[in-house]
Amino acid sequence: NAGVMQNPRHLVRRRGQEARLRCSPMKGHSHVYWYRQLPEEGLKFMVYLQKENIIDESGMPKERFSAEFPKEGPSILRIQQVVRGDSAAYFCASNTGREPYGYTFGSGTRLTVV
Amino acid sequence: QQQVKQSPQSLIVQKGGISIINCAYENTAFDYFPWYQQFPGKGPALLIAIRPDVSEKKEGRFTISFNKSAKQFSLHIMDSQPGDSATYFCAALFGGYQKVTFGTGTKLQVIP
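Just so you know, the sequences run in chain order A and B.
Read left to right, the first sequence gives residues 8 to 121 (the numbering used here).
Read left to right, the second sequence gives residues 85 to 196 (the numbering used here).
For reference, chain B alone in the conformation it holds in the complex (with noise of 0.2 Å):
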């Protein structure tokens, strides 16, 4: 019940493609949703985050749309380019609680 589920594990894009990365969760109980990105080396970064009230958020060419019956969220990257390739995680956790549980990461390769 506390799992994230991510897909797909890895994900080849051309240069301006749409990158997808898809999350599910069973636990009804998170109320907020981030998004890390991680380059090799180097420890996740926190991107953009959503909580279930809004449908959808948009940061530059990130955006976050969030399927509360479904219990699905997603992040689609615009006009991707080669410095978005980066290990990407999802991520979810409940309110009053610090603990995040997160996705197993989407290695993501944007290529020219």
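Pulled out of the complex, with its shape left as it was, chain A reads as follows (with noise of 0.2 Å):
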């Protein structure tokens, strides 16, 4: 399956630890897109990235929270010391960036904070 990879699928942190949730887009994909999703809520977007590029991280709060998609290797979301409030069920995304538009998700980390 080529699909668009997260691990862990779910990932348990005391308040304070911090989270590191991983994404590998599809292959041929150079665009990720990271979403947040609350209980019985919408998709909020946080940060659109490109090979060793950050494009828009206008829904990334200001603090504790980073992303990077290197060169090599998969995209990384970081999470430093959590709060309750960050448990969430996190989304990858990614695609080609252009036309068809649209993303491939994939099947998210919910993390939940203890």
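Just to be clear, a hint being listed does not mean it is correct.
Dumping the calculated DSSO-like pairs for lysine-lysine here, alpha-carbon to alpha-carbon at most 30 Å [as the list claims (entries may be wrong)]:
no., chain 1, residue 1, chain 2, residue 2
1, A, K69, B, K142
2, A, K58, B, K99
3, A, K34, A, K51
4, B, K126, A, K69
5, B, K152, B, K191
6, B, K89, B, K126
7, A, K34, B, K183
8, B, K183, A, K58
9, B, K191, A, K51
10, A, K51, B, K142
11, B, K155, A, K51
12, A, K78, A, K58
13, B, K183, A, K78
14, B, K126, A, K58
15, B, K89, B, K142
16, A, K51, B, K141
17, B, K141, B, K99
18, B, K152, B, K142
19, A, K69, A, K58
20, B, K183, A, K51
21, B, K99, B, K183
22, A, K78, B, K126
23, A, K51, B, K152
24, B, K183, A, K69
25, B, K99, A, K34
26, B, K183, B, K141
27, B, K183, B, K126
28, B, K191, B, K155
29, B, K89, A, K69
30, B, K155, B, K89
Treat the hints as calculated values from the structure; they're not laboratory data.
All values reported here derive from a predicted model rather than from experimental measurement.
Please dock the two separately framed chains into a single complex, following the hints provided.
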């Protein structure tokens, strides 16, 4: 299956710990997007990356959150000093950046902060 | 101006009936309107999409209707089946820029 791979599927962290979420885009896709979904809510844009570049991070909280998409390896969403309000499903999507528009989503990482 | 408003929040339809989900937008720069389907525990999957120069697009039992002047669009699911039970998100984006703005979602339940 050459889809968007996210791991881990489930992640439990204690308050104050760091969470690292990984996303490997589909083969041939060089654009990666991270979204957060709170229970019973829609998807909120966080950040848009291309290889080694952050294109748009307007949805990222100013503190504790960071993202990268290195030349080699998966994209990483890092949340430092997690708080209970960070508990959510985090989805990664990828595409080629060309027509047709649209994303391919991964199955998400469900972060629970205890 | 970047919002996409979606209704209803939840919907129960009998098998064989028509499911209708509505969305409205304000940013006239949006020029592509996809719908996504999400099953529990899964990521959203692209279902069908439309450009504003087209008033209707049909793919199987799924139809998008688009009203450019009213800045509204809707998803119709004909002959709804229990397997259609999922959360549906409308979305919008504008040309040359890949960031997608999502509606808040509609949880559809199709009962036998």
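Now for the hints, and whether the structure bears them out:
In summary, the hint linking K69 of chain A to K142 of chain B is not supported, as the alpha carbons are separated by about 42 Å, beyond the 30 Å threshold. A threshold of 30 Å between alpha carbons decides the hint, and for K58 of chain A with K99 of chain B the separation of about 46 Å lies outside it, so the pair is violated. Distance check on the hinted pair: K34 of chain A and K51 of chain A sit about 25 Å apart at the alpha-carbon level, within 30 Å; holds. The hinted pair formed by K126 of chain B and K69 of chain A meets the criterion: a straight-line CA distance of about 28 Å does not exceed 30 Å.
Restraint check for K152 of chain B and K191 of chain B: the C-alpha separation of about 25 Å stays at or below 30 Å, so the hint holds. Under the criterion of a C-alpha separation no larger than 30 Å, the hint pairing K89 of chain B with K126 of chain B is consistent with the structure, at around 23 Å. Only pairs whose Cα atoms come within 30 Å are accepted, and K34 of chain A paired with K183 of chain B is accepted, the gap being roughly 20 Å. The suggested pairing of K183 of chain B with K58 of chain A holds, with an alpha-carbon distance near 16 Å, which does not exceed 30 Å.
Only pairs whose Cα atoms come within 30 Å are accepted, and K191 of chain B paired with K51 of chain A is accepted, the gap being roughly 17 Å. Between the alpha carbons of K51 of chain A and K142 of chain B the distance comes to roughly 28 Å, so the proposed pair stays at or under 30 Å and holds. Only pairs whose Cα atoms come within 30 Å are accepted, and K155 of chain B paired with K51 of chain A is accepted, the gap being roughly 22 Å. Annotation: proposed proximity of K78 of chain A to K58 of chain A holds, straight-line Cα distance about 6 Å (limit 30 Å).
Proximity of K183 of chain B to K78 of chain A is assessed by CA-CA distance (about 21 Å); at most 30 Å being required, the pair is judged to hold. With a C-alpha separation of about 26 Å, the suggested pair K126 of chain B and K58 of chain A falls inside the 30 Å cut-off, and the hint holds. Taken as a hint, the K89 of chain B and K142 of chain B pair is honoured in the structure, with Cα atoms around 22 Å apart against an allowance of 30 Å. Straight-line distance between C-alpha atoms of K51 of chain A and K141 of chain B comes to about 27 Å, which keeps the hinted pair within the 30 Å bound.
A threshold of 30 Å between alpha carbons decides the hint, and for K141 of chain B with K99 of chain B the separation of about 23 Å falls inside it, so the pair holds. Between K152 of chain B and K142 of chain B the CA atoms are separated by roughly 17 Å; this keeps the pair inside 30 Å, and the hint holds. A hinted pair counts as satisfied when its Cα atoms are at most 30 Å apart, and K69 of chain A with K58 of chain A qualifies at roughly 22 Å. Between K183 of chain B and K51 of chain A the CA atoms are separated by roughly 11 Å; this keeps the pair inside 30 Å, and the hint holds.
For the given pair, K99 of chain B sits about 35 Å from K183 of chain B by alpha-carbon distance, which is inconsistent with the 30 Å threshold. A distance of roughly 28 Å separates the Cα atoms of K78 of chain A and K126 of chain B; the hinted pair therefore holds under the 30 Å criterion. With a C-alpha separation of about 25 Å, the suggested pair K51 of chain A and K152 of chain B falls inside the 30 Å cut-off, and the hint holds. For the hint linking K183 of chain B to K69 of chain A, the alpha-carbon distance of about 19 Å falls within 30 Å, and the restraint holds.
Distance hint between K99 of chain B and K34 of chain A is unfulfilled; the C-alpha atoms sit about 38 Å from each other, more than 30 Å. Restraint check: the Cα-Cα separation between K183 of chain B and K141 of chain B comes to about 23 Å, which is no more than 30 Å; the hinted pair holds. Between K183 of chain B and K126 of chain B the CA atoms are separated by roughly 21 Å; this keeps the pair inside 30 Å, and the hint holds. With a CA separation close to 23 Å, the supplied pair K191 of chain B and K155 of chain B stays within the 30 Å bound.
A threshold of 30 Å between alpha carbons decides the hint, and for K89 of chain B with K69 of chain A the separation of about 26 Å falls inside it, so the pair holds. Taking the CA atoms of K155 of chain B and K89 of chain B, the gap is about 11 Å. The hint holds against a cut of 30 Å.
Hint check: violations occur at hints 1, 2, 21, 25; the rest are consistent with the structure.
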